[in-house]
Every structure is written in structure tokens, then in C-alpha cells.
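Asker: Chain residues, written in single-letter form:
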Amino acid sequence: MTSPGERGTIAAVGDVAALTGPPRRKRSTGMRGRTRRRVTGLTMVAPLLVMVLAFIGWPIIWTLILSFTNMTITGPTATHYQFIGLGNFRQLLASGSGLVQSILLSLYYLVASAYIGQALFGFVLAYMMLRCTVPVRKIVGSIIIVCWLVPEIIAAWMWFSMLSDGGTLQQALHVVGIPYQTWLISHPMISVSLANSWRGVAFSFLLFSAALSDVPLDLLDAAQVDGANSWRRLRSIILPLLSTTILVDFVLITLGTLNDFTLIFAMTGGGPGTSSNVLSVFMYQQAFNSFQLAYGTAIAVVLLAIGAVFSIIYIRTLRKQGALNFVR
Amino acid sequence: MERVNDKGRGVRRKRNLALFASLAVVATTIVAGGISSVSGASSSSKTISVMYWTNFDNPGTNATPDLIKAAAVKLKAQNPGATVVLEPITTDSESTYYAKIDLAQRSAATAPDVVMEDSFLIGSDASAGFIKPIPQVTSWSGWSHFPAAMQKIATYGGKIYGVMNSSDVQLAYYNTKLFKKAGLPVPWQPHSFADIIAASKALAKADPGIVPTWLYTGTPLGEASSFRGFEVFLDGTHDRLYNSSTKKWEISGPGFTATWNFLASMRKYEEPVADWSNPSASETVNLNMMPANKVGIVFDGSWVSTAYIPHSYKPWPAFATTFKEAQIPTDGLGGYTNQSGGFAWSVSTHASNTKLAVQLIEDMSSAPNIASFNAKNGNIPPRSDAVTQPQWTAISKLDPVLTFATSQLAYTNYRPNLPLYPQISTEIAALTGDISSGTMTGSQAEKAFAAKVTQIVGKKNVEAMTK
Chain R
0 MTSPGERGTI
10 AAVGDVAALT
20 GPPRRKRSTG
30 MRGRTRRRVT
40 GLTMVAPLLV
50 MVLAFIGWPI
60 IWTLILSFTN
70 MTITGPTATH
80 YQFIGLGNFR
90 QLLASGSGLV
100 QSILLSLYYL
110 VASAYIGQAL
120 FGFVLAYMML
130 RCTVPVRKIV
140 GSIIIVCWLV
150 PEIIAAWMWF
160 SMLSDGGTLQ
170 QALHVVGIPY
180 QTWLISHPMI
190 SVSLANSWRG
200 VAFSFLLFSA
210 ALSDVPLDLL
220 DAAQVDGANS
230 WRRLRSIILP
240 LLSTTILVDF
250 VLITLGTLND
260 FTLIFAMTGG
270 GPGTSSNVLS
280 VFMYQQAFNS
290 FQLAYGTAIA
300 VVLLAIGAVF
310 SIIYIRTLRK
320 QGALNFVR
Chain V
0 MERVNDKGRG
10 VRRKRNLALF
20 ASLAVVATTI
30 VAGGISSVSG
40 ASSSSKTISV
50 MYWTNFDNPG
60 TNATPDLIKA
70 AAVKLKAQNP
80 GATVVLEPIT
90 TDSESTYYAK
100 IDLAQRSAAT
110 APDVVMEDSF
120 LIGSDASAGF
130 IKPIPQVTSW
140 SGWSHFPAAM
150 QKIATYGGKI
160 YGVMNSSDVQ
170 LAYYNTKLFK
180 KAGLPVPWQP
190 HSFADIIAAS
200 KALAKADPGI
210 VPTWLYTGTP
220 LGEASSFRGF
230 EVFLDGTHDR
240 LYNSSTKKWE
250 ISGPGFTATW
260 NFLASMRKYE
270 EPVADWSNPS
280 ASETVNLNMM
290 PANKVGIVFD
300 GSWVSTAYIP
310 HSYKPWPAFA
320 TTFKEAQIPT
330 DGLGGYTNQS
340 GGFAWSVSTH
350 ASNTKLAVQL
360 IEDMSSAPNI
370 ASFNAKNGNI
380 PPRSDAVTQP
390 QWTAISKLDP
400 VLTFATSQLA
410 YTNYRPNLPL
420 YPQISTEIAA
430 LTGDISSGTM
440 TGSQAEKAFA
450 AKVTQIVGKK
460 NVEAMTK
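Listed in order, the protein sequences are those of chains R and V.
Each residue of the first sequence is one higher than the last, beginning at 0 in numbering that gives the first Met the number 0.
Each residue of the second sequence is one higher than the last, beginning at 0 in numbering that gives the first Met the number 0.
Warning: the hint list may mix true and false statements.
Residues from chain V that face chain R, not an exhaustive set, calculated with beta carbons under 7 angstroms [said to hold, decoys possible]:
no.: 1; residue: T89
no.: 2; residue: T90
no.: 3; residue: A98
no.: 4; residue: D101
no.: 5; residue: A103
no.: 6; residue: S123
no.: 7; residue: D124
no.: 8; residue: S126
no.: 9; residue: G128
no.: 10; residue: P132
no.: 11; residue: P219
no.: 12; residue: V272
no.: 13; residue: S276
no.: 14; residue: S279
No wet-lab data here; the hints were simulated from the structure.
Keep in mind the model is a prediction, meaning the values are calculated, not measured.
Idealized CB from N, CA, C, for every residue including glycine.
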């Protein structure tokens, strides 16, 4: 397949294992040695591979299979279901199915809470912290990380009590003269996006803090001597140096946010009406509240496809940057 | 070199062994799911598990676990070695409970022996093969005390699939103080949809700070929205969801038009979206709005008043003087209408010991047990001789609404006990919400309903009513 020195192969996992132990010239042992290393490598990853196939691969395949059936939670087709081809997808694409609205809401949630609320705000926080004194950094950093440590369902209830009728925010804003309004009802998407930003900002903040601490100071000093103002230094030095970190952050928060269910379900249940019915909640409602299990899995397939599109774009960009040498 | 190679092979062999071992462990774990349960089921055939919904009970009563435990004592006395295991399920909404019991019943590994089924799901779950017929019940000495209607609710395809443990009717609770303030007559009894709209309008005019009329609506309230927010009104017209003589689903007709338009007209007089768009809406109206005189008319189940009696979970002595109850009117057809539901005990297809399971249900369905269970929850006993039991007579004295409610059984209707009803019902709930949130007009909802039902049951199985 590939020679040992070539980068970017899955078989290289075995090479890596071999590299850590024996000296480099061992590689010249030829085919037998290479096969042996490959077998060794495969053996070592096999348990993990089996787990991944059993608990991730199979459910995905099963979901795909079910999405072409008419399986329901109850009724005659609960146990005696048939394959109906693209029936569920046709129903989803028909007008009035709610799919388009759910996709748009999911994208809103992604942009507002992941890109703006977590990535952008996380970066700004990390950048500002560079200039803070150590005590400030410690205190603020701890607070941000505590938000992340709070279990999702508890975060959801905290924000529910903040934003629901008679909630803390309502009372606080009333004091400064802003009339009463129930945020969860009047602005459900802003409410859930706020909560998700609050909860998730720590992750991006930590990633960016680590990356920012690796930016060589002499480079920044030299730029400053050359007359680059702070905006210019950020744009031309820091951001390019951080581009890999930014993309990695995007990959992870995109998938986390698109698949997020708990926070929205606990805070709004997709409502009022369907005004915060993101794909994951839409999927749950169709599968378990409307008893249309297979139809729900078809929505899951759409969700999976959207996540896959984003992942492919990010991973391609990352590979172009040479940041993913180990992935074929 | 030889030795090194040998050693290498040895290590490799060990590694391969480790790989096969881990593969074997994973494979066994996956396959064993079904097997272990099957062996478990046969070895514990004297153990009866009972799955029930904890949210069904009035807060603090423990009515269901107490009922199961009381029956278990008798079962154990008659069958030495028998045990009864409680499998409580707590959910945020009714529909989640339905989904959970149905998912549990798919597999022998998770299926209970006895399950508490909402009666409207019986046909659907029977057709799915989740529950089995229990013809043995007709030989019970007390079976004749279950009225024909109560037997029929739990019958599907001519076979009995359950024994009703509770029932209810719907009532129009109205606030006498707010009615007097609005210049409306007390006692009040509407005779058409127009009468309800007129009273709501007067209430709104007299006090803009209240919700004139509470109607269950929208998806978060699930079956309640469909049952109490649409079907009970449709029952007041000539149309029905299902025509049992032609065996077709009705999708449109003058009654449907009148009902959808009634809901659209009520939009400006019913509770705002904030109040109905969460699953705990019934607590909002029953425990907060009613005692605070914030709602004029409430269309709700007959159990509501039980909350207010002494030592209940929301004691409110002034309830009897503040609220009165009206019967559910027809839409100008004269007389009254109603719709009843309730829960039943069924036996899962995977039950390991049907004989013991049925015996436990018989014990739970005795007149004293049914009387006590329904007295605690404010439901109507589905067994005629239960109303003379001391537990029931005691509660009826404290809560006269229950006696009034029982009298409404004379006008009542039942939901079509058919496999596709649950799906149609969720569509109705969604459409009531679409009307309430203003995304659909009455006629749009009417058209959408016809299209949805046709899609669910097929073109051959629908008909439009003309008269």
C-alpha cells in the first residue's frame, strides 16, 4: 500500500507504534516486519474498532435502514413494518412538514450560540485575558470553567428559572425600567442560544487560551517595532497562527451544537408552538410524541447529513493546512 | 534470530488471543441481551412485574402503588412463592409515558407482565402485538359489574385486552364571581358553541386581566388537547371521528367545520401561548389560575375538584362556592354530550405467567380496590358496585362534583379504539395548537386535518359527511 515513511495513512498507526520502540533501521526488515507491525497495530486498535463499530457504526446503519421503513411506536406497523423506499423523505420534503423551519432554526442556533456565543466570545475572552493580571485571570478563568462543569440539564433549569415567567432576568430588567416580558416565550431562540453560549464558551476559551500562549512574543514585539498596531497584529499574526485551532474548535462545537437536544428540550420543548423546534427536538417529537419512529429516524438521517457536510468542509480545510497528517 | 522470532510469534499469538477474547466478549454482550432475558423470564415465572405511570396519581396519594401492593398481598397468600415487582415510570408528559411503555414492550427483556394502558392505546397496542387478549376475565364473579361501555373500551377486534381501572367525564367549570361581574346568569348552562363564545366575550369585556376560557390546546398537552380541546366538542355535532357502520374515518362535514371554526373564534378568549405551551399547563390552570380567580370557564376532566378537598394537595374550601359545573353542550342539537377516557390494566404479550398476571388484575379490580383507587384520584369508578363502597361514599360527600360527574356518563362517547387513532390524535393536538398560536385559521385547520387523516389511514378508508 504505502511505504513506511509516507505520511497520511491509517496503517501508519502501526508505524507509530513501532517507531516509539525499536530504532529506525528496524524498518528495513522488509515485508515480514511490516506485516507484523501492521498486525500488531491492528490488534491494538481492534477492541476500540469493535466498540466503535458496535456502538456507533451499527446504530447509524440501523438508523439508515429504519428511515426507509414505516415503523411506528404503536399500531400494526410497530412490529410488522415494511420498507417504503423514500416515503419518509418525500413526506419530509413536502411543504408544511416543518423540516425547512427546523433546519433554519438549527442553523440559527449554530451561528448564534456556537460561532458567535462560543467561538467568537471565547476568543475575545482568551485574548483579553492575555492582558489581565494573574489574579483576574484565575478568577475569571475559574468562573468560565465552572459554567462548563455544570451538567447540561442543570444549566437548562438554571436558565429556565432566569428566563421563564417571573424569572430573575424579568425582575432585574424591570428594575431598570424595561417592561416585563417572558424571554422564553417572546424570544425562545435567543434564550436557548444564550444558555448554550454560557455553557459552552469555556471549551473554546480554553482551546484559544492554550493556542494564544504559544504565539511567539518576539514576533509580536517585532511587528510592534515595525509599526503594526494591535488590530494589525491580531489580524496578520495571531489569527493566521491560530487558524488550525479555530478550525478544530469549529469542528467540535458545530457537531456538539447541531446535535444538542437536552438544553432546548428542557428549556422550551421546541415551543412556543414550533418556534424553537430545532432538528433534534423535531426528530424526538416525531419519533416519540407522534409515535412515527421511522419518520423520526429519517429526520435523524438529515441531521447526520448536515453534520457530515460541515465536518467534511472543516476537515478538508484542515488537511489543506497540513494539520491532519495522520488522517488519510 | 530464531528465538527473537519465536518470542515475537508468541507475543503475537497472545495478542491475537486477546483480540479474539475482546471480540468474543463484545459479541456475547450484544447477543446476550435477548437470551438472558428469556432465561430470566422462565426462571421467575412466579414474579409479576407491573409497569405504571406515577404521574397518573394525585400528588401525595400513591394511589397506584398502594393498589398494586394491596392486590399483591392477596396474590401472595393464594400463590405461595409469588412476588410482585413495581416498575414505576415518571415522565414529563402523557405521550412520553405511552412511548416508554411501548418501547419497553417491544422486547421480552424489558416488557413488564402487567401494564397500565391508557384505554385509547389499547387497540393500537393490541394490533402491534404488545398486549394479549385476556378472555379469562369474563369468568370473574365481578365481571358483570363492569358496564358494557367499560368492557367495550378495552375490547379490540372482538377480544378483551384490558380491564378498566378508572374513568372520567369532561365538565365546564365556571367561576361564579367572574360570571356575576360580567352580568352572566348563575347557574349557567350553555346549549351551543355560540353560547360559550358569548359568555367568553362577556367575561373578557368585564375583566381584561383574566383568561375568559381555558381550552386544552397544542402539542405539549398531547392527548388532552385532542380529547378535551376538540373531540368533546365534535361529539356535540352530528359528525364523529370514525363511522363505525361504514368503518371509515370521517375527515370533514358540517360538524367538523363548526368545531374548527369554534376553536378559531375562541382563540382571542382562551389562555395565551405562554400558558398552554408547556406540559405542566394543567397545574397552571387547576392549581394557580382557578384559585386566584384568574379564569372564567375551564373545560377539564371530572377529577379536578379532588385537589381542593380537605387534606388533598391544594385544599381550597371556597371552591364549592366559587366554581360551579355545567354540562358539555351539543352545538344546538339539544341535550348534552361528553367523552370518557380512563386507564386499564393489560397483560403484556411477553408476560411469563399469564394466569398470575390476570389474577393480580382481578385482585386490583375488586370493588373495594377500585373504589379506593378512584376515590384517591378523583376518577369515576368503572365498576358499578364500587359506588356503594365506603371509600367511595366518603369521598363523594366531600366532593359532590364526583356525583354530578358520574351522572354525565349517560351522555358520554368513547374514542375510536383503533390502531391508527393515536396518530390521528397527535395531528389533532398539533392543529389545535396551530389555531391557538394563530398560524392557521379554522378552515385551514379543517383542510389540513382532512389531508393528514387521509395520509395516515389511506384514501380508501376516509369519508366526508354531508348532513
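Asker: Hint by hint, note whether the structure agrees.
Answerer: We went through each hint and held it up to the structure:
Of the supplied interface hints, the one on T89(V) is violated, with its beta-carbon coming no nearer than about 15 angstroms to a beta-carbon of chain R, more than 7 angstroms. The interface hint given for T90(V) is broken, as the beta carbon of that residue sits about 10 angstroms from the closest beta carbon of chain R, more than 7 angstroms. Because the smallest distance between the Cβ of A98(V) and any Cβ of chain R comes to about 4 angstroms, under 7 angstroms, the interface hint for this residue holds. With a cut of 7 angstroms, the hint placing D101(V) at the interface with chain R holds, because the nearest CB-to-CB distance is about 5 angstroms.
Taking 7 angstroms as the C-beta contact cut-off toward chain R, the hint placing A103(V) at the interface is violated, the least distance being around 11 angstroms. Below 7 angstroms, beta-carbon pairs count as interface contacts, and S123(V) has one with chain R at about 4 angstroms; its hint therefore holds. The interface hint given for D124(V) holds, since its Cβ lies 5 angstroms from the closest Cβ of chain R, which is under the 7 angstroms cut-off. Interface hint status for S126(V): upheld, as the beta-carbon distance to the closest one in chain R is roughly 4 angstroms, under 7 angstroms.
The restraint placing G128(V) at the interface with chain R holds, with a minimum CB-CB distance near 5 angstroms, inside the 7 angstroms limit. At a threshold of 7 angstroms, the smallest CB-CB gap from P132(V) to chain R is about 16 angstroms, leaving the interface hint violated. Below 7 angstroms, beta-carbon pairs count as interface contacts, and P219(V) has one with chain R at about 6 angstroms; its hint therefore holds. Proximity of V272(V) to chain R holds as hinted, the smallest CB-CB distance being about 4 angstroms (cut-off 7 angstroms).
Below 7 angstroms, beta-carbon pairs count as interface contacts, and S276(V) has one with chain R at about 4 angstroms; its hint therefore holds. The interface hint given for S279(V) is violated, since its Cβ lies 11 angstroms from the closest Cβ of chain R, which is over the 7 angstroms cut-off.
When the structure is compared with the earlier hints, violations turn up for hints 1, 2, 5, 10 and 14 and for no others.
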